[in-house]
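Colleague: What follows is each chain in one-letter form.
There are 2 protein chains.
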Amino acid sequence: MATTTEKIFSEFKEHSVAEFFKKNQQMLGFSGKTRSLTTIVHEYVTNSLDACEEAGILPEVTVKIEEIDKDAGKYRVISEDNGPGIPEKHLGKALGQMLAGTKFHRYCQQRGQQGIGASGCTMYAQITTGKPVKVVSRYDSKRISCEISIDLKTNSPSISNLVKEDGSFGSGVRIEAEIADVKYDKSSFGVYEYVRRTALANPHLQITLLAPDGEKAVFPRSSDKIPEKPMIVQPHPLGISTNDLIDFAHRERECIRVSSFLQERFARFSAAKVDELRQMIPDVDFNKKPSELQWHEAEKLIKAIQNPNVKWIAPSTDSVKPIGKDQIEKSLANILAPQFVVVTERSPKIFKGGIPFMVEAAIAYGGGAGRKAADTASSEVIRYANRAPLLFDNSGCAISEAVKEIDWKHYKLKNFEEEPISIFVNISSVYVPYTSAGKQAISNEDEITQEIKNAIMEAARDLQRYLSGINREKERGERKKAILRYVTQLSKDLPELAGKGKPTELEKKLVHLIETKYSSQIENGEDDDEGENGNGNSKKNGKIEEDEDINE
Amino acid sequence: MATTTEKIFSEFKEHSVAEFFKKNQQMLGFSGKTRSLTTIVHEYVTNSLDACEEAGILPEVTVKIEEIDKDAGKYRVISEDNGPGIPEKHLGKALGQMLAGTKFHRYCQQRGQQGIGASGCTMYAQITTGKPVKVVSRYDSKRISCEISIDLKTNSPSISNLVKEDGSFGSGVRIEAEIADVKYDKSSFGVYEYVRRTALANPHLQITLLAPDGEKAVFPRSSDKIPEKPMIVQPHPLGISTNDLIDFAHRERECIRVSSFLQERFARFSAAKVDELRQMIPDVDFNKKPSELQWHEAEKLIKAIQNPNVKWIAPSTDSVKPIGKDQIEKSLANILAPQFVVVTERSPKIFKGGIPFMVEAAIAYGGGAGRKAADTASSEVIRYANRAPLLFDNSGCAISEAVKEIDWKHYKLKNFEEEPISIFVNISSVYVPYTSAGKQAISNEDEITQEIKNAIMEAARDLQRYLSGINREKERGERKKAILRYVTQLSKDLPELAGKGKPTELEKKLVHLIETKYSSQIENGEDDDEGENGNGNSKKNGKIEEDEDINE
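These protein sequence lines are chains A and B, in that order. Letter by letter, the first sequence follows residues 2 to 553 of the working numbering. Letter by letter, the second sequence follows residues 2 to 553 of the working numbering.
Calculated from the structure, these hints are not laboratory results. Misleading hints may appear alongside valid ones.
Given that identical chains are not distinguished, each listed pair holds provided it fits within a single copy or across any two copies.
What the hints assert, rightly or not - Listed next, the in silico DSSO-like pairs over lysine-lysine satisfying Cα-Cα at most 27 Å (straight line):
id, residue 1, residue 2
1, Lys217, Lys154
2, Lys405, Lys415
3, Lys290, Lys326
4, Lys135, Lys217
5, Lys405, Lys230
6, Lys165, Lys509
7, Lys289, Lys226
8, Lys90, Lys230
9, Lys405, Lys71
10, Lys135, Lys510
11, Lys475, Lys143
12, Lys24, Lys350
13, Lys482, Lys165
14, Lys373, Lys410
15, Lys304, Lys373
16, Lys482, Lys90
17, Lys187, Lys350
18, Lys217, Lys331
19, Lys373, Lys274
20, Lys289, Lys154
21, Lys184, Lys24
22, Lys184, Lys373
23, Lys143, Lys165
24, Lys509, Lys24
25, Lys90, Lys217
26, Lys154, Lys312
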């Protein structure tokens, strides 16, 4: 007979991770109709870009969204790329199993990391329309078509209607998912904005969006440079915890001693370093098998590694692949057409002691920069992690925090919120610390937030100079205008007073004098306006007289 | 020979959910040193409260935090309760396996839902100090002690040093976890605040916190009423999706027809309702086996269920167990000792069509209400879900949103941020839609946010009346003061003018006249002050003369 205590616990059940994420869809970005649709496009486009990068292909992606039943929020999303394709035997894992991915365990900078994304979309299709996703994968003179769904109870893929063809089909993947409970709109959280921002940070990408209203948006590539292939790097000693060290050591199959294991598996770990540590912690046996390393030994090792007296060469930052200054400039000019752009190129930095990351920041001002709504400009912060746009959860993100902490008044922006300004920030790292599996906000780590702030402020100083230039020039222009206002009258009066010369000649000389003293130095944007005032011909004077008329 | 495409995908690996959460600790609330410690206390206290509630025990919990190495952020957390204990065979699942829980699949209002919490703490101890957690479970004349850790690769518990004893030990659980990379502080995110807020929302709980600095904080219970046992309820038809229906139907083992299945497994589904639906969708066979129900049929069924012409009795709200108006009032008075408290008792509402929830809101004003820092008061929002305090992620939470959307000026609060006010909100539901597994913010569902807003505004109207009373009384008091100011002089002058009576007698009469006209109506807080002005004796007049002196 079961006691009360036993009864309470009698219902213990194990659940698959697929069931867990079905119940916690919002963790994967499936919350809200607009966001759910954007999440699906994000997952597919991200996978396409990662695959193309790894295969060294210039990516060409088409996203088509078809309306099936607007009231039920039912749409068909079709995403097609020219990537390497997915081999038959991996299709199930790639699209029908959670936590089965190529990248989870690698130290390598890619957009996707967890191996959930595309399978999450399959789950979402399944639980909203009951339909499997349709996939066509072309590679190695093969074409594989099938339908994939997830058995949620076991988190395993189930594949049906498999068709294999041989022939010359090129390469690429086409995924078709029928989903419901979503909404297509052109808000700042919608698919259009997502695609636009993806294009902004990926100048090598050609992306086309076919919207349900029949509109076709093509974002052509502005660069033919294929980004370098991501590298798999060894972790830096300063970036690992005791637990990581134990994990690596107990998994070690080749090195037979702790000493060689440290040198082989970690970056910047020389024989000299091993000797240095040996002297510091003589009670740790560096000759023992890595698999026999105990927690307390690993702990001592890590403490010694982190001892400030032990100097380490900073981690190689080869693994960090930024977009590049020129690329960002081209891209912003291409898509935003602002009056002013500045991109800051900072060197890679380290967070948590051993994880390299790099911040690229850009400021676009005037012209098409900023958010436009009903004729009034407002600022916008365009956030990226490894070139993937972050549209949601902006309040909890290190980038938003950094922007908020900056005193924009110092940079000649009186009311930051209402300026025509776009702040562009991209963080590149083999390990981006997201705040959730939805991957929409970067965790507020001190080192990262500070570096973002520095990068933006560096760009802001250039903006300040630009705006000061405009302000100086404006002031100069206004002073000039004020003086010129009296020229006509003065040139009429002076001859009378002095009794010589013709008014028009004197006027010309006076204007020339003023023009020389208050010469225009503006080289961009606003100089059209100022230029008109700076030519000192009769047309000019006509205008000035008009001004005077108005004043009278 | 592997092609490029095959090589790219050759590294597909499956990962356990434990590995996933190790890599995504922040999803479980392990982000930041202070928060990580609070998370651990939260998980243990929550489990204790749930277990006591289910067993009908008045909970008594002691949390002790010992400092081991402050620099390394190493602490020992010991949590002990008088709950029902955990049976031996369930210890491993309860503390050493993720997604194995008693509550994941039940429709039942409890604090814990996912079956991750306590196992997440075991994982955190393990990866920061390498130590298993130590558990002592007493139940049914047994005492079981052991150490538990998780095999992260397989997400399975490993138990060591098991000791079983027979005897009279009472019941309860004691867990001891050694963790690092945490910090104990008294900030609004720290353990102390967490415990205080837990006490606020659980008047039946006696909780003691032994802090590492030796301080002992006891929050005694203010009520001996054991909350009712949580109920397991059938889902309401309006709260399920097509996918849910398919899930339930395909799991069905007893009912042999769809018609009986609907009546048996869902709330408010009468035979008459089945007939009504039959007529609406004649092409769906209600006699077929539930396990053979197809998606398109389930979709039709759900559409018919949700048809506005089909009237449903609202779901039973028995499952929703609020704290209770009296209990909240007692608790707030007990712990905050404010000048004014109002609690709103609203009826349960429904979200997503079929999930009952209930909002309790309270406002405490003046006295110990609000956040105190360096002599200036400021407002605080105390958020709860099923009585568990939500300390983090406040910006994304429906409760914070609701508070923000309220125009507090309408309620006589000029600057909400700087008022000595505590807004208390508790949401009770069998299914609380959290925004993440960290369970610190409630998803911004329209129905929920609106109901929270209504509940707070209802309370705010009472606050407004209270504050209006104070304001009216203040105005009245000031007018009285102004008139009284002239009394002394007037009573001296009048006899001279009229030629009769003694000044003191006239003064008394005048004061009496004024007192009667401007009688004090204040009954709380501020009336001490006003009372002094309202007695009209010589002491009073002395004070008024002083005022006059100052004015001269």
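Colleague: When Cα atoms must be at most 27 Å apart, do Lys143 and Lys165 count as within-copy, between-copy, both, or neither?
Modeller: within (7 Å within a copy, 62 Å between copies)
Colleague: Given identical chains, is Lys289 near Lys226, meaning Cα to Cα at most 27 Å, within a copy, between copies, both, or neither?
Modeller: neither (48 Å within a copy, 61 Å between copies)
Colleague: Treating 27 Å as the Cα threshold, decide for Lys509 and Lys24: within, between, both or neither.
Modeller: neither (81 Å within a copy, 76 Å between copies)
Colleague: What label fits Lys482 with Lys90 when the C-alpha limit is 27 Å: within, between, both, or neither?
Modeller: Answer is neither: 76 Å inside a copy and 90 Å across each miss the 27 Å cutoff.
Colleague: Can you tell me if Lys154 and Lys312 fall within 27 Å by alpha carbon in one copy, between copies, both or neither?
Modeller: This pair counts as neither: shortest intra-copy Cα distance 51 Å, inter-copy 34 Å.
Colleague: State whether the alpha carbon distance between Lys290 and Lys326 is at most 27 Å within one copy, between copies, both, or neither.
Modeller: Neither way: Lys290 and Lys326 sit 47 Å apart in one copy and 64 Å across, limit 27 Å.
Colleague: Have a look at Lys217 and Lys154 and pick one of within, between, both or neither, based on CA distance no larger than 27 Å.
Modeller: This pair counts as neither: shortest intra-copy Cα distance 40 Å, inter-copy 47 Å.
Colleague: Since the copies are identical, ignore which copy is meant and state whether Lys289 and Lys154 lie within 27 Å (CA to CA) inside a copy, between copies, both or neither.
Modeller: between (43 Å within a copy, 24 Å between copies)
Colleague: At most 27 Å between CA atoms: does that hold for Lys24 and Lys350 within a copy, between copies, both, or neither?
Modeller: between (38 Å within a copy, 22 Å between copies)
Colleague: Between the shortest in-copy and the shortest cross-copy C-alpha distance, which are at most 27 Å for Lys184 and Lys24: within, between, both, or neither?
Modeller: Classified as within; 21 Å inside a copy, 32 Å across copies.
Colleague: For Lys373 and Lys274, with the copy left unspecified, which applies at a CA distance of at most 27 Å: within, between, both, or neither?
Modeller: Intra 56 Å, inter 52 Å, cutoff 27 Å: neither.
Colleague: 27 Å Cα cut-off: does Lys475 pair with Lys143 within a copy, between copies, both or neither?
Modeller: neither (65 Å within a copy, 86 Å between copies)
Comparing the model with each numbered hint stated earlier shows that hints 1, 3, 5, 6, 7, 9, 10, 11, 13, 15, 16, 17, 19, 24, 25 and 26 do not hold.
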